[in-house]
Structure formats: C-alpha cells, structure tokens
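Going down the list, the sequences are from chains S and B.
Following this note's numbering, the numbering of the first sequence begins with 11 at its first residue and continues without gaps.
Following this note's numbering, the numbering of the second sequence begins with 25 at its first residue and continues without gaps.
Note that these hints are calculated values from the structure, not bench results.
Mixed in with the good hints there might be a few duds.
Among the chain S residues that face chain B by a calculated CB cut under 8 Å, a handful are [unchecked claim]:
id	residue
1	58
2	93
3	165
Label-pair ranges, simulated between beta-carbon atoms [to be verified]:
id	chain 1	residue 1	chain 2	residue 2	range
4	S	294	B	102	38 to 44 Å
5	B	85	S	230	55 to 61 Å
6	B	83	S	94	20 to 26 Å
7	B	86	S	94	25 to 31 Å
Using N, Cα and C, we set each Cβ at its ideal position, and we do this for glycine too.
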Amino acid sequence: MSSSRASQRVGAARGRTAAAGLLLAGFAATAAHAHFQLLYTPEAALTESAEIPLALVFSHPFDNGFTMDMGPPEAFYVVSQRGDAAPRTTDLMQYLTPIEWAGVDSRAAAFVAHPPKSVTRSLGDYTFVLRPAPYYESNEDKYIQQITKTVVNIGGLPGHWDEPLGLPVEIVPLDKPYANWVGGVFRAVVLADGKPVPHAEIEVEYLNHEPRIDERRFDPEAKATAPQDSFTTLSIRADALGQVMIGLPKAGWWGICALNLDDGLKHEGKELSLDAVLWLKATDMTK
Amino acid sequence: MSRLKLVVLSLLALIATSAYAHNAICDCYDNGDETITCEGGFSDGGTAVGVPLRVVDSAGKVLVDGAMSANSDFKFAKPKGDFRVEFDAGAGHVVTIDGRDIEQ
Numbered sequence: 011m012s013s014s015r016a017s018q019r020v021g022a023a024r025g026r027t028a029a030a031g032l033l034l035a036g037f038a039a040t041a042a043h044a045h046f047q048l049l050y051t052p053e054a055a056l057t058e059s060a061e062i063p064l065a066l067v068f069s070h071p072f073d074n075g076f077t078m079d080m081g082p083p084e085a086f087y088v089v090s091q092r093g094d095a096a097p098r099t100t101d102l103m104q105y106l107t108p109i110e111w112a113g114v115d116s117r118a119a120a121f122v123a124h125p126p127k128s129v130t131r132s133l134g135d136y137t138f139v140l141r142p143a144p145y146y147e148s149n150e151d152k153y154i155q156q157i158t159k160t161v162v163n164i165g166g167l168p169g170h171w172d173e174p175l176g177l178p179v180e181i182v183p184l185d186k187p188y189a190n191w192v193g194g195v196f197r198a199v200v201l202a203d204g205k206p207v208p209h210a211e212i213e214v215e216y217l218n219h220e221p222r223i224d225e226r227r228f229d230p231e232a233k234a235t236a237p238q239d240s241f242t243t244l245s246i247r248a249d250a251l252g253q254v255m256i257g258l259p260k261a262g263w264w265g266i267c268a269l270n271l272d273d274g275l276k277h278e279g280k281e282l283s284l285d286a287v288l289w290l291k292a293t294d295m296t297k
Numbered sequence: 025m026s027r028l029k030l031v032v033l034s035l036l037a038l039i040a041t042s043a044y045a046h047n048a049i050c051d052c053y054d055n056g057d058e059t060i061t062c063e064g065g066f067s068d069g070g071t072a073v074g075v076p077l078r079v080v081d082s083a084g085k086v087l088v089d090g091a092m093s094a095n096s097d098f099k100f101a102k103p104k105g106d107f108r109v110e111f112d113a114g115a116g117h118v119v120t121i122d123g124r125d126i127e128q
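Kindly produce the complete structure, drawing on both the sequences and the hints.
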C-alpha cells in the first residue's frame with residue numbers, strides 16, 4: 011500500500027468524523043465522534059455454555075450520541091472452534107429481530123439476536139461476524155460499511171482467535187480479545203484483502219454507556235467523562251506493519267475501527283468506505 | 025456452581041506430565057436423546073485426543089471406559105442411576121463432573 015493511498019484514507023476519515031458531530035445542532039462545537047458498529051453481548055469470557063444475546067446497533071459508543079438506522083445486514087454468522095478442531099460456521103441471520111434502539115437523543119432501527127444455546131454449546135472460541143448493510147451518510151454523500159467482529163470464549167478452551175477469517179477487511183487480534191486485564195495492552199493487525207495495511211487510520215472508543223439489550227437502549231449513565239473532545243474518539247495510526255496497540259485503562263468493551271480500507275469501492279453509484287471493527291473486553295483484576 | 029472444573033496444575037504434575045503443562049478442561053452436555061457428550065482439551069488449545077474418560081457409578085464401578093476421539097470428544101449412553109465422569113489427563117489433571125450437573 012503506497013503512502014499516497016494512506017493519505018487519501020486519512021482525508022476521507024477526517025471528513026466523516028467531523029460530519030458526524032454536525033448531525034446534531036448542539037454538537038457543532040464538538041467535532042469528533044466516530045461511527046461504530048456495535049456487535050454487543052454482555053460477557054466475553056463465559057465459564058460455561060449459555061445462550062448468548064446480541065445487540066447490533068450503529069452508534070457513537072462513548073457519548074451515547076446519535077444512533078443511526080441499520081438496514082437488514084448482508085451477513086451475520088459465527089465461526090466457532092474448539093482447540094485444534096476444524097472451525098465451524100453457523101449462519102445467524104434467522105435469529106435477527108428488528109427493533110428500535112434508544113440513544114439519549116435519538117432512536118434508530120437496530121437488531122437483537124438470541125441464538126439458541128445449541129449454537130454455543132461447545133467449549134472454545136466464537137467469533138461473531140456482522141457485515142451490515144451500507145449506511146448512507148448524507149453529510150458526506152457516501153456510504154459506510156463496517157465489517158465487525160466480536161470474539162467470545164466458553165470455558166477457557168481457546169480456538170484460533172488469532173487467525174484471519176478471510177474477510178475483505180478485518181482486524182485480527184494478536185492478544186485474546188476476551189482475556190484482558192485492565193491496565194494491560196491489546197494488540198492487533200489491520201488487514202485488507204488479507205494483507206497488512208501500514209499506517210492505517212484507526213479510531214478507538216470505549217463503550218461508555220452499557221447497552222441494555224432487554225430494554226433496547228443504552229444505559230444513560232456514563233462510566234467515564236472525557237475532559238476534552240479528543241478523548242471521546244482516540245485517533246491513532248497503525249504502525250508500518252499494520253499493527254495497532256492500545257492501552258486498556260478501564261473495564262468494559264473497547265472498539266477498534268480501521269477506516270476506509272479499500273479505496274475506490276462504490277455502492278449505488280456513490281463512494282463506499284469499507285471499515286473493519288473489532289471489539290474486545292477489559293476486565294478488572296479483583297479477588 | 026459451574027460443572028466445568030479447571031484443575032490447577034501442581035508443580036508435581038508439571039514435572040510428571042510435561043505434555044500437559046496447562047490446565048485440563050472438560051465439559052459434558054446432555055444431548056436430549058439419552059446420550060451424553062463430553063468435550064475436553066487444555067487451556068493452551070492443545071488437543072485431548074486419546075485422553076481416557078471414564079463413567080463411574082456411585083459405588084465406584086466403571087460403567088464406561090473410553091477415550092477422547094479425534095475431535096477431543098466422547099459420546100456415551102446416559103446411565104440410569106447416579107454417575108460421574110472422570111476426564112483423566114494424568115496426575116493433577118483429572119476433571120470430575122457429577123452426572124447431576126450435566127444439562128442439555
């Protein structure tokens with residue numbers, strides 16, 4: 011990937027985050043709020059098999075801000091693996107239920123899913139994958155599509171959480187996304203078409219308002235307060251090898267988004283920003 | 025309480041069974057058709073292929089004397105009475121599961 015392509019990506023990304031802030035009149039003074047595709051479940055590391063509830067919401071996770079309408083996803087499935095056994099893919103589209111999700115100032119079309127326990131009956135890793143419908147961002151006259159992964163483990167028996175799934179764009183963990191102490195660091199590598207993306211533009215956000223799946227809303231109470239707008243969305247770059255490393259200062263879910271990884275894509279005649287999102291969970295070290 | 029039990033390795037076990045220098049993990053579930061499936065492995069992702077698995081009744085009599093398959097699992101007919109499952113990966117690496125804790 012040439013440096014000129016990287017520069018183009020940066021320009022596109024900045025335009026989008028600025029536009030997001032302008033969606034709400036009162037937010038005009040606070041520029042940077044990143045779009046993040048949520049693929050949320052409460053627990054990342056389960057001690058035993060259970061039904062795993064999921065919420066699919068397109069929002070701004072730090073400030074519980076403007077939540078955007080989702081169309082029917084293009085794909086939604088889980089890849090499971092127990093130890094060295096062969097991976098198994100289970101389609102989850104049939105379990106999607108369209109709902110209305112409430113942010114503080116907005117309501118939007120979203121989805122919940124309650125796959126039966128049989129889907130997650132075995133020990134091991136479960137990587138949930140969502141390819142949402144492209145979202146039309148009218149402020150930029152372009153589409154955004156965020157291919158999103160959330161990794162859950164059952165019973166402590168790992169699978170191949172560190173291997174790519176062959177997605178067009180994806181963030182591949184270098185640390186287990188479900189086993190991170192607060193105060194540690196998390197590393198990953200950004201891939202487009204299976205190859206690392208040097209200096210990829212990255213946004214990181216903390217899921218500051220815990221989703222309440224049964225209530226179909228975010229918890230209005232924030233866990234943390236940003237002293238200044240730069241802290242809402244942490245903007246960083248991948249290194250020359252396409253690797254990302256972030257610190258984990260607080261328990262909960264953290265989202266990493268790599269922006270506009272495939273230049274030149276079109277959807278319905280307009281530019282399409284193809285992004286990759288990975289969620290990971292940090293856990294407090296307590297007795 | 026979880027029926028999934030982790031066996032913390034002791035130094036002795038580490039020396040005795042260097043091939044299993046991680047926690048042994050085993051879990052069983054009722055298939056709902058009078059059979060039970062047990063899955064096993066190790067916390068480093070290592071396979072449990074060939075690891076002995078015994079089904080023992082309340083008197084200590086071995087009802088089933090099996091071993092984990094190439095998929096690191098083992099399926100057996102559900103005994104009528106009380107029983108327990110012993111996943112035996114060597115000294116310090118035995119996971120015991122009470123049959124009453126095995127759910128669908």
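Hint by hint, here is what the structure shows:
For residue 58 of chain S, the shortest C-beta to C-beta distance to chain B is roughly 5 Å, which falls under 8 Å, so the interface hint holds. Taking 8 Å as the C-beta contact cut-off toward chain B, the hint placing residue 93 of chain S at the interface holds, the least distance being around 4 Å. The restraint placing residue 165 of chain S at the interface with chain B holds, with a minimum CB-CB distance near 5 Å, inside the 8 Å limit. The hinted window of 38 to 44 Å between residue 294 of chain S and residue 102 of chain B holds, with their beta carbons roughly 40 Å apart.
Taking the beta carbon of each, residue 85 of chain B and residue 230 of chain S are about 59 Å apart, inside 55 to 61 Å as hinted. Look at residue 83 of chain B against residue 94 of chain S: about 37 Å separates their beta carbons, and that is not inside 20 to 26 Å. A C-beta distance of roughly 28 Å is found between residue 86 of chain B and residue 94 of chain S, which places it inside the suggested range of 25 to 31 Å.
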